[in-house]
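Sequence order for the protein chains is A and B. To convert, note that position 315 of the first sequence is 315 in full-length UniProt numbering; the numbers rise steadily by one, no gaps. To convert, note that position 335 of the second sequence is 335 in full-length UniProt numbering; the numbers rise steadily by one, no gaps.
Some hints here could point you the wrong way.
Unchecked claim - Distance condition first, Cα-Cα at most 27 Å in a straight line; then the derived DSS-like pairs of lysine-lysine:
#	chain 1	residue 1	chain 2	residue 2
1	B	K145	A	K280
2	B	K509	A	K242
3	A	K249	B	K300
4	A	K389	A	K408
5	A	K408	A	K333
6	A	K353	A	K249
7	B	K302	A	K242
8	B	K408	A	K509
9	A	K234	B	K145
10	A	K408	B	K234
11	A	K353	A	K463
12	B	K200	B	K450
13	B	K408	A	K530
14	A	K300	A	K200
15	A	K408	A	K286
16	A	K463	A	K530
17	A	K249	B	K242
18	A	K389	A	K473
19	A	K234	A	K200
20	B	K234	A	K295
21	B	K509	B	K357
22	B	K105	A	K242
23	B	K145	B	K286
24	A	K463	A	K509
25	B	K357	A	K300
26	A	K502	B	K461
27	B	K302	B	K353
28	B	K145	A	K200
29	B	K357	B	K242
30	B	K333	A	K249
31	B	K105	A	K408
32	B	K333	B	K357
33	A	K145	B	K105
34	A	K333	A	K249
Keep in mind that the hints were calculated from the coordinates and are not lab data.
There are 2 protein chains.
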Amino acid sequence: MSPHEAGADRGSSSALSPGGIRTWQLSAYDTWCGVAHGCTKKIGLKICGKWKEEKEGHFLLLVLFPAFFLELSSSEDHVHCSSGGAEAILGFWEGREDTSRRSTKVLDFHHPHQLLEGMEGFNLELSDNPESLEQILVDCRDTLKYGVRTGHPRFFNQLSTGLDIIGLAGEWLTSTANTNMFTYEIAPVFVLMEQITLRKMREIIGWTDKDGDGIFSPGGAISNMYSIMAARYKYYPEVKTKGMAAVPKLVLFTSEHSHYSIKKAGAALGFGTENVILIKCNERGKIIPADLEAKILDAKQKGYAPLYVNATAGTTVYGAFDPIHEIADICEKYNLWLHVDAAWGGGLLMSSKHRHKLNGIERANSVTWNPHKMMGVLLQCSAILLREKGILQGCNQMCAGYLFQQDKQYDITYDTGDKAIQCGRHVDIFKFWLMWKAKGTVGFETQINKCLELSEYLYNKIKNREEFEMVFKGEPEHTNVCFWYIPPSLRGMPDSEERREKLHRVAPKIKALMMESGTTMVGYQPHADKVNFFRMVVSNPAATKSDIDFLVEEIERLGQDL
Amino acid sequence: MSPHEAGADRGSSSALSPGGIRTWQLSAYDTWCGVAHGCTKKIGLKICGKWKEEKEGHFLLLVLFPAFFLELSSSEDHVHCSSGGAEAILGFWEGREDTSRRSTKVLDFHHPHQLLEGMEGFNLELSDNPESLEQILVDCRDTLKYGVRTGHPRFFNQLSTGLDIIGLAGEWLTSTANTNMFTYEIAPVFVLMEQITLRKMREIIGWTDKDGDGIFSPGGAISNMYSIMAARYKYYPEVKTKGMAAVPKLVLFTSEHSHYSIKKAGAALGFGTENVILIKCNERGKIIPADLEAKILDAKQKGYAPLYVNATAGTTVYGAFDPIHEIADICEKYNLWLHVDAAWGGGLLMSSKHRHKLNGIERANSVTWNPHKMMGVLLQCSAILLREKGILQGCNQMCAGYLFQQDKQYDITYDTGDKAIQCGRHVDIFKFWLMWKAKGTVGFETQINKCLELSEYLYNKIKNREEFEMVFKGEPEHTNVCFWYIPPSLRGMPDSEERREKLHRVAPKIKALMMESGTTMVGYQPHADKVNFFRMVVSNPAATKSDIDFLVEEIERLGQDL
Numbered sequence: 001m002s003p004h005e006a007g008a009d010r011g012s013s014s015a016l017s018p019g020g021i022r023t024w025q026l027s028a029y030d031t032w033c034g035v036a037h038g039c040t041k042k043i044g045l046k047i048c049g050k051w052k053e054e055k056e057g058h059f060l061l062l063v064l065f066p067a068f069f070l071e072l073s074s075s076e077d078h079v080h081c082s083s084g085g086a087e088a089i090l091g092f093w094e095g096r097e098d099t100s101r102r103s104t105k106v107l108d109f110h111h112p113h114q115l116l117e118g119m120e121g122f123n124l125e126l127s128d129n130p131e132s133l134e135q136i137l138v139d140c141r142d143t144l145k146y147g148v149r150t151g152h153p154r155f156f157n158q159l160s161t162g163l164d165i166i167g168l169a170g171e172w173l174t175s176t177a178n179t180n181m182f183t184y185e186i187a188p189v190f191v192l193m194e195q196i197t198l199r200k201m202r203e204i205i206g207w208t209d210k211d212g213d214g215i216f217s218p219g220g221a222i223s224n225m226y227s228i229m230a231a232r233y234k235y236y237p238e239v240k241t242k243g244m245a246a247v248p249k250l251v252l253f254t255s256e257h258s259h260y261s262i263k264k265a266g267a268a269l270g271f272g273t274e275n276v277i278l279i280k281c282n283e284r285g286k287i288i289p290a291d292l293e294a295k296i297l298d299a300k301q302k303g304y305a306p307l308y309v310n311a312t313a314g315t316t317v318y319g320a321f322d323p324i325h326e327i328a329d330i331c332e333k334y335n336l337w338l339h340v341d342a343a344w345g346g347g348l349l350m351s352s353k354h355r356h357k358l359n360g361i362e363r364a365n366s367v368t369w370n371p372h373k374m375m376g377v378l379l380q381c382s383a384i385l386l387r388e389k390g391i392l393q394g395c396n397q398m399c400a401g402y403l404f405q406q407d408k409q410y411d412i413t414y415d416t417g418d419k420a421i422q423c424g425r426h427v428d429i430f431k432f433w434l435m436w437k438a439k440g441t442v443g444f445e446t447q448i449n450k451c452l453e454l455s456e457y458l459y460n461k462i463k464n465r466e467e468f469e470m471v472f473k474g475e476p477e478h479t480n481v482c483f484w485y486i487p488p489s490l491r492g493m494p495d496s497e498e499r500r501e502k503l504h505r506v507a508p509k510i511k512a513l514m515m516e517s518g519t520t521m522v523g524y525q526p527h528a529d530k531v532n533f534f535r536m537v538v539s540n541p542a543a544t545k546s547d548i549d550f551l552v553e554e555i556e557r558l559g560q561d562l
Numbered sequence: 001m002s003p004h005e006a007g008a009d010r011g012s013s014s015a016l017s018p019g020g021i022r023t024w025q026l027s028a029y030d031t032w033c034g035v036a037h038g039c040t041k042k043i044g045l046k047i048c049g050k051w052k053e054e055k056e057g058h059f060l061l062l063v064l065f066p067a068f069f070l071e072l073s074s075s076e077d078h079v080h081c082s083s084g085g086a087e088a089i090l091g092f093w094e095g096r097e098d099t100s101r102r103s104t105k106v107l108d109f110h111h112p113h114q115l116l117e118g119m120e121g122f123n124l125e126l127s128d129n130p131e132s133l134e135q136i137l138v139d140c141r142d143t144l145k146y147g148v149r150t151g152h153p154r155f156f157n158q159l160s161t162g163l164d165i166i167g168l169a170g171e172w173l174t175s176t177a178n179t180n181m182f183t184y185e186i187a188p189v190f191v192l193m194e195q196i197t198l199r200k201m202r203e204i205i206g207w208t209d210k211d212g213d214g215i216f217s218p219g220g221a222i223s224n225m226y227s228i229m230a231a232r233y234k235y236y237p238e239v240k241t242k243g244m245a246a247v248p249k250l251v252l253f254t255s256e257h258s259h260y261s262i263k264k265a266g267a268a269l270g271f272g273t274e275n276v277i278l279i280k281c282n283e284r285g286k287i288i289p290a291d292l293e294a295k296i297l298d299a300k301q302k303g304y305a306p307l308y309v310n311a312t313a314g315t316t317v318y319g320a321f322d323p324i325h326e327i328a329d330i331c332e333k334y335n336l337w338l339h340v341d342a343a344w345g346g347g348l349l350m351s352s353k354h355r356h357k358l359n360g361i362e363r364a365n366s367v368t369w370n371p372h373k374m375m376g377v378l379l380q381c382s383a384i385l386l387r388e389k390g391i392l393q394g395c396n397q398m399c400a401g402y403l404f405q406q407d408k409q410y411d412i413t414y415d416t417g418d419k420a421i422q423c424g425r426h427v428d429i430f431k432f433w434l435m436w437k438a439k440g441t442v443g444f445e446t447q448i449n450k451c452l453e454l455s456e457y458l459y460n461k462i463k464n465r466e467e468f469e470m471v472f473k474g475e476p477e478h479t480n481v482c483f484w485y486i487p488p489s490l491r492g493m494p495d496s497e498e499r500r501e502k503l504h505r506v507a508p509k510i511k512a513l514m515m516e517s518g519t520t521m522v523g524y525q526p527h528a529d530k531v532n533f534f535r536m537v538v539s540n541p542a543a544t545k546s547d548i549d550f551l552v553e554e555i556e557r558l559g560q561d562l
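Make a model of the complete structure from these sequences and hints.
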């Protein structure tokens, strides 16, 4: 049974109570079409046409509202639609091979000083007196106009891209609820959704004990910070009361390709960046286990106390997966905490085709997994997951009497706020939970597989062309494809300092031209001894092969005279 | 000129470019009314009625969409409307003396096990296959149904309450933009808005150097954590690379009434909670400066290095304002960093009537100020502000090459992401900026004054009644009113251990009954040697005297037989 059939079946059998959902259903099709036409022009018409066909009228209520802002942001045809029944109605929103629907720019670039000086009535300054409503609407329009359309299928600039319509509806509902995750008292449904979703994620990781733990945090950097705090508290609980001065000189290990948040957390938590030891990687960006073991031994010999190893599942630039089993063996041997930073690669756990790349993750003590990256959930949605229950609570709880009263009438183990380093905590769960409901696990698998196929397509397209040079050999493991564009003036030139210097300037120049023209966006960076190269990533399931083709052609067009 | 007049004047003179805002204006009034009727029932009709009157049709586009979720959440008459022109149209949304509009419950309480077992077709579990769209809509409806209406004018349970319609529209636009604050490249407008808003906030604090600094963070606890990190880096920059082991035994000072996040940050950052020294407060919850100085001297004598003092402007429970000038004198004398945690009290800086309570704040090195509390901005919106520029950057930057390229075509000083402990950072600024635009500074002043008047009303209403006993004497400084309800069985009983034990059980019992009946919500807690008492706070400008009256009557009704 395909996802769509499954959705349709459920739909036909779902019972609606009298006075419930039907009461806010539409009374007249024609009325809606009239409005849709007036308000949202082409989206509205499409919706109405589809509605007549599908008789799923009340869903349109949910769709028509987002449509307004989407129209306003001129990005209506870049929205990715959740699969499931929604796909049947709104398939037309998904990326198609029709490039005319890509006509909207990704961005309308202006320099800071230009925006600060004010753009035709768009004045960023705040004043004592209120502005008119007309001006407020102009402000909204211009905020979107001069922003960047991260949902555009040709926006490849970051790991988080796309705009899932069900996720968006979920975020809008979250805003309307405007509550806080710290107690069950004021967020009963969201607290339970978080608990259920975290348990599901732990199951997918492969942890068999149902009593694990976790929390949604404001981004992968904070999730990684939690992992270090948990490790420290597990091995040295006295650090909570007595501080770092009371424990041995602790050191952390992570790869030279790992995310900078490990070092950042090392600085913040009082380890010091010098005590975050970088392990060498092979040419594909994967940790060399022998170097890890050598550096652990070296640290011990120098009187340091090794505490924690971070393995990355999907590095930021190369998309590399560290060999988790081999690292886990070393961690077991030396009794170290193993964290897997799967902020970027975690999504691949949803795919039976690709999850083998994270083999061994079930041996980790903690995992960072950002649904806002490879799973297309709106920003922000990042989880820190722990195999053992109780550490987060022990590490962070301060028992504030005004929030965590012990004499409440309900089971206060559901007041999970004291596990966090935050007090108030934004509701990041609902959009994710709703997307999962709408797509099912199979829906995530489909969209993730699709993104990986697109990267494979790009790799195969450029790997043997003289205009391009790959940064590392072999098929990409994740959607990261790293390459240099070689302009005609550098082709055939033998490697030399001069060529390297020139090549280093190519990507920034192309990127600048790309932003000026606003047609697409892709990231670049230098890395270790490699001069500036492009890092292509795909995480928006609305992207298609034609968008990949467009990116390649655009790089060639902008770079041909360099 | 009143705010409304100002708005109207601006409105009439605002020029709209052809092809701009007018293009998505409505074509037909009747069409909209038909839809509004079908879709949102009473709100829709009110809007249409008002529209005919006001001819502000295109604003309604912005209003009708939120109306859908509001209708769904049955909280449409609790939404507070931003002042300015909006007030003229949507005044009916604001709280009025008409209690019939309060008929919706604040919550429909269910125990965790009840919600987990599933409520009539509302199943929180996630499955492999997609759900039907009808089910997704039921899920949305039920999520709101079993949640807590924090925008309800009788929700007094937390410091963050209310639901500002312009703020909501701002948050919805933010979700649609779905971008990230780390670089100007992908958030040009939001980055500038943040910079401008932070500068404005620093001006309001009274810092004269325009080169201060700041950042919006995920909540007051994290803002307070930033302040400690900044202090540590300012005095001991080597801690970034070498860790806490390389510096003297640092101690932090904060009051026994201060927020628990200072201790929490002390634990996380490697100081240890024992090195967060609690200063005694007077009977109003204000720091006793002499005790601060004595404890500084004591710490120095014991070989510790005093680093940082936190003064609270608006404590969580009592709403007390620490004497900042006296504390600043001590900080200057001993060369300590002065932080003011004005997460809750910062809003009073907007009021010429109340800002004197924060006198001396301009002497602080850093300030936490949460617009999501007293200014009614949607969760989350918290700022950490610093008097000196460069410390945040110095403290946190790691120079990740893939984000913060040095060879971009624009002025990279606008890439502010490396100041944060986060990597990706949610856009919290837009809703706040838009509200400020819509209300003006004067609008915030009006709503803050109104909340304080309501608390004064409550205080005067109950201070001399035998049914109530105040926790501390004197008028409240903030909107916090702390009191015991004395049930008939305890009235006239002399103070004794027995009475104290009985009184301790009163507030939790009333609160439990209150949540079961769902009519209102207010917080309670024990505090130091005080048994459980109610802490009333007002931060929702939609609340009225009748809501205060209702709360008092409800406490009496539920408590009369205890």
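Going through the hints against the structure:
Note on B/K145 and A/K280: the hinted pairing is violated, with a Cα-Cα distance of about 53 Å set against a maximum of 27 Å. With a C-alpha separation of about 38 Å, the suggested pairing of B/K509 with A/K242 is violated against the 27 Å cut-off. Taking the CA atoms of A/K249 and B/K300, the gap is about 25 Å. The hint holds against a cut of 27 Å. A threshold of 27 Å between alpha carbons decides the hint, and for A/K389 with A/K408 the separation of about 23 Å falls inside it, so the pair holds.
Annotation: proposed proximity of A/K408 to A/K333 is violated, straight-line Cα distance about 45 Å (limit 27 Å). A distance of roughly 42 Å separates the Cα atoms of A/K353 and A/K249; the hinted pair therefore is violated under the 27 Å criterion. Of the pairs offered as hints, the one joining B/K302 and A/K242 holds, with about 15 Å between alpha carbons and a cut-off of 27 Å not exceeded. Restraint check: the Cα-Cα separation between B/K408 and A/K509 comes to about 8 Å, which is no more than 27 Å; the hinted pair holds.
Restraint check for A/K234 and B/K145: not satisfied, since their Cα atoms lie roughly 40 Å apart, outside the 27 Å limit. Between the alpha carbons of A/K408 and B/K234 the distance comes to roughly 43 Å, so the proposed pair goes past 27 Å and is violated. A C-alpha spacing of about 23 Å is found between A/K353 and A/K463, which places the hinted pair at or below 27 Å, so the restraint holds. Restraint check: the Cα-Cα separation between B/K200 and B/K450 comes to about 23 Å, which is no more than 27 Å; the hinted pair holds.
With a CA separation close to 18 Å, the supplied pair B/K408 and A/K530 stays within the 27 Å bound. The straight-line distance between the Cα atoms of A/K300 and A/K200 is roughly 38 Å, outside the 27 Å bound, and the hint therefore fails. In summary, the hint linking A/K408 to A/K286 is not supported, as the alpha carbons are separated by about 50 Å, beyond the 27 Å threshold. At most 27 Å may separate the alpha-carbon atoms for a hinted pair to count; A/K463 and A/K530 meet this at roughly 18 Å.
Using a Cα cut-off of 27 Å, the hinted pair A/K249 and B/K242 holds, with the two alpha carbons roughly 10 Å apart. For the suggested pair A/K389 and A/K473, the alpha carbons sit about 42 Å apart, so the restraint of at most 27 Å is broken. Distance restraint check for A/K234 and A/K200: the Cα-Cα separation of roughly 24 Å lies within the 27 Å cut-off, and the hinted pair is therefore satisfied. The hinted pair formed by B/K234 and A/K295 fails the criterion: a straight-line CA distance of about 32 Å is larger than 27 Å.
Restraint check for B/K509 and B/K357: not satisfied, since their Cα atoms lie roughly 35 Å apart, outside the 27 Å limit. At most 27 Å may separate the alpha-carbon atoms for a hinted pair to count; B/K105 and A/K242 exceed this at roughly 47 Å. Annotation: proposed proximity of B/K145 to B/K286 is violated, straight-line Cα distance about 41 Å (limit 27 Å). For a cut-off of 27 Å, the pair hint linking A/K463 to A/K509 stands: about 22 Å separates their Cα positions.
Our distance criterion of 27 Å between C-alpha atoms is broken by B/K357 and A/K300, whose separation comes to about 55 Å. A threshold of 27 Å between alpha carbons decides the hint, and for A/K502 with B/K461 the separation of about 78 Å lies outside it, so the pair is violated. For the proposed pair B/K302 and B/K353, the alpha carbon gap of about 44 Å is over 27 Å, so the pair is violated. Proximity of B/K145 to A/K200 is assessed by CA-CA distance (about 24 Å); at most 27 Å being required, the pair is judged to hold.
Restraint check for B/K357 and B/K242: not satisfied, since their Cα atoms lie roughly 40 Å apart, outside the 27 Å limit. Among the hinted pairs, B/K333 with A/K249 is inconsistent with the structure: their alpha-carbon atoms are about 34 Å apart, more than 27 Å. For the hint pairing B/K105 with A/K408, the CA-to-CA distance comes to about 20 Å; that is within 27 Å, so the pair holds. For the hint linking B/K333 to B/K357, the alpha-carbon distance of about 23 Å falls within 27 Å, and the restraint holds.
Taken as a hint, the A/K145 and B/K105 pair is broken in the structure, with Cα atoms around 40 Å apart against an allowance of 27 Å. Under the criterion of a C-alpha separation no larger than 27 Å, the hint pairing A/K333 with A/K249 is consistent with the structure, at around 20 Å.
Hints 1, 2, 5, 6, 9, 10, 14, 15, 18, 20, 21, 22, 23, 25, 26, 27, 29, 30 and 33 from the earlier list are contradicted by this structure; the remaining hints agree with it.
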